[in-house]
Structure formats: C-alpha cells, structure tokens
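Undergrad: Going down the list, the protein sequences come from chains X and Z.
For what it's worth, the working numbering labels the leading residue of the first sequence as 9, then goes sequentially.
For what it's worth, the working numbering labels the leading residue of the second sequence as 9, then goes sequentially.
Calculated from the structure, these hints are not laboratory results.
Each residue gets a CB set at the ideal place from its N, CA and C atoms; glycine is no exception.
All clues given are correct.
The following label-pair restraints were derived from C-beta to C-beta distances: (1) X/Lys504 / Z/Arg327: 57 to 67 Å; (2) X/Ala220 / Z/Asp447: 49 to 59 Å; (3) X/Arg152 / Z/Arg327: 52 to 62 Å; (4) X/Pro45 / Z/Gly458: 23 to 33 Å; (5) X/Ala220 / Z/Ser317: 39 to 49 Å; (6) Z/Thr41 / X/Gln287: 22 to 32 Å.
Pairs of lysine-lysine residues, derived as PhoX-like cross-links and limited to a Cα-Cα distance of at most 20 Å, are as follows: (7) Z/Lys65 / X/Lys65; (8) X/Lys19 / X/Lys65; (9) Z/Lys240 / X/Lys240.
2 protein chains.
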Amino acid sequence: MHTPPQLTELKARLREIDDLEMAAALLNWDQTTYMPPGGAAARGRQLATLGRIIHEKRIDPAIGRLLDALRSYEESLPPDSPDAALIRVTRRDYERAMRVPAAFTAELYEHTAASYDVWSRARPANDFMAVLPYLERTLDLSRRFAEFFPGYEHIADPLIDMADYGMRAATIKQVFAELRQGLIPLVEQITVQPPVDDSCLRQFFPEAQQWAFGVEVITALGYDFSRGRQDKTLHPFMTKFSLNDVRITTRVDEYDLGSALFSTIHEAGHAMYEQGIAQAFEGTPLASGTSAGMHESQSRLWENIVGRSLPFWEYFYPRLQATFPDQLGNVPLETFYRAINKVQRSLIRTEADEVTYNLHVILRFDLELALLEGTLAVRDLPEAWRERYRSDLGVAPPDDRDGVLQDVHWYGGLIGGAFQGYTLGNIMSVQLFDAALRDHPDIPQQIGSGRFDTLREWMREHVYRHGRALDADDILRRATGRSLDVQPYLAYLWRKYG
Amino acid sequence: MHTPPQLTELKARLREIDDLEMAAALLNWDQTTYMPPGGAAARGRQLATLGRIIHEKRIDPAIGRLLDALRSYEESLPPDSPDAALIRVTRRDYERAMRVPAAFTAELYEHTAASYDVWSRARPANDFMAVLPYLERTLDLSRRFAEFFPGYEHIADPLIDMADYGMRAATIKQVFAELRQGLIPLVEQITVQPPVDDSCLRQFFPEAQQWAFGVEVITALGYDFSRGRQDKTLHPFMTKFSLNDVRITTRVDEYDLGSALFSTIHEAGHAMYEQGIAQAFEGTPLASGTSAGMHESQSRLWENIVGRSLPFWEYFYPRLQATFPDQLGNVPLETFYRAINKVQRSLIRTEADEVTYNLHVILRFDLELALLEGTLAVRDLPEAWRERYRSDLGVAPPDDRDGVLQDVHWYGGLIGGAFQGYTLGNIMSVQLFDAALRDHPDIPQQIGSGRFDTLREWMREHVYRHGRALDADDILRRATGRSLDVQPYLAYLWRKYG
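Looking at chain X on its own, in the form it has when it is part of the complex:
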C-alpha cells in the first residue's frame, strides 16, 4: 500500500511543529546557560509567542481532518508499524492539545519563563517570599490545566498522564506504598550502623579536571559528543534540538566529587536514550522518550546501576586516581566505593543515595497532591516541606534554599506530575537491567573492563529506538515480560545495601 497523501501532509505539518518546538527548546537552553540578565524579559515574550504559535498549529483543525481521513489506512496497518504508531500518537496529542486554549498556553509559557527567572535569583538568596506569588499562580495554572480534562478521578491525574501516559494518582500511591513498606526497614537497618566515611569525596577537586573526567566517562558509556555537548547550568538537565543535537548540562562543586560526576552520568543517560531513537522518527512526535518514568529509568540505570557499581569503578577508579593523585592516590577502591554509595538521611534529592532517594520523591509527590487538592496552601509549603523531611528523612532543612527551593520543577513548569517519574524510573531501571542480564550475563564483567556497548545496544534495541512508538508499559512487557513491578527494585536495593 502506498503512503496516502494525507499522511505526507500530516508529516509536513508535524515537522513544522517540531521545528518550532526545537527553536523554543533552544531559547530555553540559552536562557539557562548563556543569556545575559538583560535578556530575560524579551525571552519570556519570545517563548510565549512561540508557545502560542506551536499550540495554534497543534490544534489546527486540518490535523483533525487528516487524522479522520487516515483512520482506515491506520486500521489496515499492523499496530506496530511506524505509520500506525505515528497516527496513534499524533491523535492522542491532538485530542489532548484541543482541550487547552491557545491563550492559556501562551500565558503558561510567559509565566514559566518569568517564574524561572525569579527562582534562579531567589534560590541563592534563600528568598521563598520572592517566588511565592509566582508559585501561587503556577498552582492556579496547574489546576486550570487539569480542569481542561474533566472526568478525572484525582485532579492530579491529567497532569500525571502528561508525563507518564496511563498512570494515575491512585496507581502511583499504591506503588509508592509498596515501595515504602520495603524501604523503611532497609533504611532503618542501614542507619543504625555507624555512618560511612565519605571524606575522600569532600576534598578540593578543581573544576577543569572534574569536567574532563566526566566527559571521559560519558564518552565511554556512549554519549556522542558529535551529536551533543555539555554546558553549565544551575540545575542540570537534558534537552534536544534534533535527534542529532542532544545536549546536557551539569554543575560542578569543587568540594564534592560526586555532585558533577553523577549528575553528568545521569543526564548522559537521558541523552543516550534520545540519541538512540530511530532516525526515521526525526521531526515527528515519535522522536522522543516515551514517558518521564522511562526516561528516568535510563538516567538512573547509567547513574546508579552502572555508575555506582563495583565493576564500573574497578575499571574507572585507577583513571580517577590518575586524575586526582593527591586527593585519591592513597584512598583504596573499597573506601571510595563505600563513599559513593553512602546511605544517609539528607536534604537534597539530586544528591541523595539510591535508598533514601525515593523518600525525597514520595514526599514531593504527596505535597503536589495536597497542593492540587487544596488541602495545603502554597504559603504553608515551606513548613509542610520541613515537616515531611523531619518525619520521613529525620532531617529538616535549615533554610528554604536547601528546602522547598531546591528543585527547578515547580518554578519552571506545572505542579503535578513533576516528580513521580523519578521513582517509577528507578523501579523500571532494575527490571530492564535484569532483563539485559538474562540475555547477556557477562555485562558486569564487560563493565569491569570498560565495555558498555552490549548493555547500551540492548537498551537501544529494547527501549531507545522505539521513541514514543511504544508506551512505557509496552516496552516493559516486551523487554522484561512484566508490567511495572516494585519487587525487583527492592531486591536490588536489599542485595546491594542490606
């Protein structure tokens, strides 16, 4: 069967939308990397304009007509075929976009840029009051967004569904409850032990060498610098301007060796996912990771399952020692390995260990639900944050800088759906790694000799290349034989830390 002309026209329209989205992504990237302070006001307007035009093009009734005309062609195709997937995902996006008025999208873009700008100054100044009115408006916008999708069970559901298609608040609450049940005894077992000495990581490590070592590591993992680059930002992230220009950012703390290194590996994990998507999907809605959770499964897999494993450091530690001979020359591998895997009750999510990390996520998820439900006022958020840290993690932030201001998410986007993906990703990362191990039991040995291609190519084959052509649950079931399952993840944590 030949490609129907409607599909050709649909693809041209989708490419135009993609071009504009990529332009907007570059404006965002520049805003957080190189833009001088004077540029902020105009950048907000520019992003608002692009957002409005993108939205207008997404909801162009011509797309609806093309999708209708393509229904019989779609039904004639195997559901797995790229065209069927493209039409299916485009229809899903179109039906979603149709519900959100263009004026709302423009308002949201402009507000988000302004809010990000205020936050980027408020966080170092420890000034929650500066962001308060912005955050209140963000909550209002988030509720209004959810209201465009009536019939939800929980007001967070439409927001969660945007990030993790098919997920709902009720499901996640259940998953998180099962996880918490398994985590609490593990955290208790670990934290009654004397604390691990991680002072080897707290020496002075000059930025340039840290940067170079991080680049060496992610190049070995398979991040392709000819199709990407790394820059500095306040909050590390991955973004892309095409499948062949996938960029990452990081930050460097010269007195904490783990901070930049693991964030670099984390973002490279995201980026390898995007770089690994089938080139045929370029310029279409399929050319993207399939969900927030699946994306995190890859960042967390490379950061933790690989990057904090013993075989990985059997290979890389001598190289790290050669980079920092004065600081690490006399530190044995085992001391270093224990230091980078130190479990402790701490304040900062992005620097938390694997075990307690999920407690940071679960409390944010709960706070998001409470804000959206209206049972928690934005004004009371800092205190609620401290309270949950005290009860869940046994520590409370001395200020908002390291408390409620620490993550960019609520200040650069909506409230709701922002955090659950991290823990869903942790859970999936172990399911996927276990499946790769079943196919290639020698992966740990390969990692120990600096070879990452078998694991990476397995991920490319089973996860990356599909882009959004398969949903997260499809990928999991095909690759591992099961849907989302907390138990392998708990088993991994108990094995490593119990």
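Based on the hints, put chain Z in the right spot on chain X.
TA: Leaving out everything else, chain Z in the frame of chain X:
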C-alpha cells in the same frame, strides 16, 4: 489624539514577527558558537521553517489593511514622531516583503544554512570546489531576488538598497572613484617608506589574557555586559535577541595581538549602537541600526578613530603592558602605536590597516557587480580575486583560504550589497567624529584619560537612539550638517598617515 486601535493591532503583529526573528537569530548564533556538527541538518530545516513563517506574517494582507487605515493618522503626525516613523518604516518593509514569495525565502534560509556549514569546513581545508555549487546557487538566488524588484537601474541596486537604504550602484561607484583617487597617492607615499616594524604584535599572547584585556577595553568603552556577552566564532559578528541582549563574538590568534583586540572593539561598536536604541522601539522594526553603512560607521569609529588613536593608547598601553609584561614591558608606546597603525599591502580585509582597507572593499564590490551582471562566472571568481589583489594591492593570495574564502558574507548570505557598507561606514565615521569634536573639543583628552562617555553619549543622542526612525542620510545631515562626503575621511587619513 489617542492611539488608533489599528496601531495597537499593528504593533502586536510586529512584535510577533520580532519575536520570531529574534528566535531565528538565536538559532543562527548557536549554529556558529556552540552547535555540535550533528545539529547542522535539522538547524537548516528549523531556520527554513522560521523564515517561512516570518515571511508569511510579514506579508499578511492584514498588515496592508492596517497600514492603509493608518494613513490619515500618519499624515496628522509630525514626520519625526515615533508613530509616524514606525508606520513609514513598516510600510517600506511591507512593500518590499510583498515582492518576495514565501517559498523563495524558505529556500534562501535553508540554502544559506547549508552553504555556511559547507564554507565553515571548506575554508580551513582551502577547498573552493566544495563551495562552488553552493556559491553558484547563491548567485542564482541573488539574481532571482533582484528580479523581484523590477525597474532597477543596475541589478545590484535592490540588493544594495536592502543593506543601505537609498543607495545605488551608480552612486557608490562615484563615491568609491573619488575615494580611490585620494587613496592611491597616499598608499604610494606610505609604501615607498621602509616598512614599519610590527614584530612586537607577533609574539605569543595567551588567549585568556587577550580575552580579559579585550573585555576590559570594551567595558570601558561602554559595552554593557549585563545586556550582552562575547563568545568565540570562526568569523566575528554582532547579533541581538532584544535591545537588552546584544551579543558579540570574536576569534583569538595567540600570535597576533591585534586580531582579537580590534575585532572585539569593532563588534562592540556595533553592539553599543544596538544597545543604545530607544527602549520604546523594542519589538518593532525601528529597533535596529538604520543601515549597514551607519552600523559600520560605529564599529569603525570605535575600532579605528578611537581604538587606534594615540590618546586611547596613552591610557590603555600601560594596562596592556601590565597584562603582557614579558612581551611588551620594553616596547615603547610609540613603537606599539606605529605597529597597530602599520600600513601595508595585505591579503585579509578584516586585518587590513585603515588606509588599504577600502581597497579590499572596493574590489569585492566590483566583483559582486561583475558576478551579478554575468560578466564573471563563479567558477572564475578565485582567479579574478587573485588578479584584483595583484593589481589593486600588489599582493596575491597563495591559496583560496586567504583569498576568496576569507569572508563569510557570500557563503552565509546573498551576493550584492554585502560589502559597500564597510567603506560607506568609514566615510561616515569621520563625518560623525568631526561633528562630535566640534561640540566637545576635549574628547581626545577625555579618551587619553580613559573617559569615553562624552563621545558615546553624543553618538547615542545623534545616532543610536533613533534606530531606524531616521535614515542614514537624515542622521548624517542632522548630526553633521552634510550628506555623505568623502573629503573629511580623506583629510583624516592624510592627517594621520600622510
């Protein structure tokens, strides 16, 4: 009289166009500064899409209707009022844009991105054959562009008019003839002398210190880094994403102290012009320098009349010596001053001295006319280039890298109108500087003590703030009492070099 609603609507439409143009400018900036090689193909498509949408919006018949409806309001205003200028310039742009089909603009954007990409690799490889087919297509596009404006006297006129409104090939030929007549005896007088020793500039000057010194200089001149930044590119340029985000780029040669320094001052001159435009014009077609020539008058004024003057270096030379004590500690100011003003028959336009610089420009202008007229084939351009260098400058490039491949203009834009602005700018720069001196005879003394505010504020008052509200000729006549006049420029050159 109240603002008519049509003007409010017009401004909203112009702002939208401006937002998209600024987004496209950022995509271009990124392409030449930070984009990894893999990004090139998609970037070309993205720029083509933005170019097409911008063009569609520029030629929206609604703009024509608004302009018609505003005619009586316009006639009721003093011609100098901002609204009158806005309507006048918008009408001029609209009538021009209406002549160029959207598909042509998209083709041009895409071709330009591809051509730039090829050139950026072909130049270091000295590979003219690689760019030949691109340049042939560029010439074809340039001719087709001119054909959209029938009734021209010379096929280059529509292209020249785009860059220097009101100028034509015939006028420029006349101006250049008068200039050449004055220049030739000066060049001959100088080049019979023994050559100046500029070896003090040819030592090793590490990039980081060169960069820092350049930043110190342009900060003192008045370039505002809180509304701009400087990055590295192959070919230095100025670009902007709003009046409060005006960026410059430079390149550094560690064995040529003058290269980065004077290009930095040159681009800062362009940028101060844009940073000095009235903020009320932001987001409108008035928020831009008024012509290529007027823009160059500012870059060349700061680079040459100020930056290569003795008072300037009486102030800065001790600072430069402190930055490079080993290299310059024993070099007297006079030796350095003579070195940076060395006149010689040379190959590279951007590094040419003030006197011979115009010969580089005039020959390019003549080659552009010949290409457009069809009397010179693109294939024969390298040889024609060598021939003209031999006859006009007495030197011939050993290869195309330092010959016909040296300037980005023809490889990143159209042929025609690309170069005359440099020499028009030189001429105007002296007219404007002389007028500033008449108002403030102590400017040279101020420069000698590191004060640039009187000169800069004079330029802001008489040139910068007007943006495109005044044409180049208006600015010249109001600020200096005369239209374009070669004689003050020749007098300046004879005074300084004769």
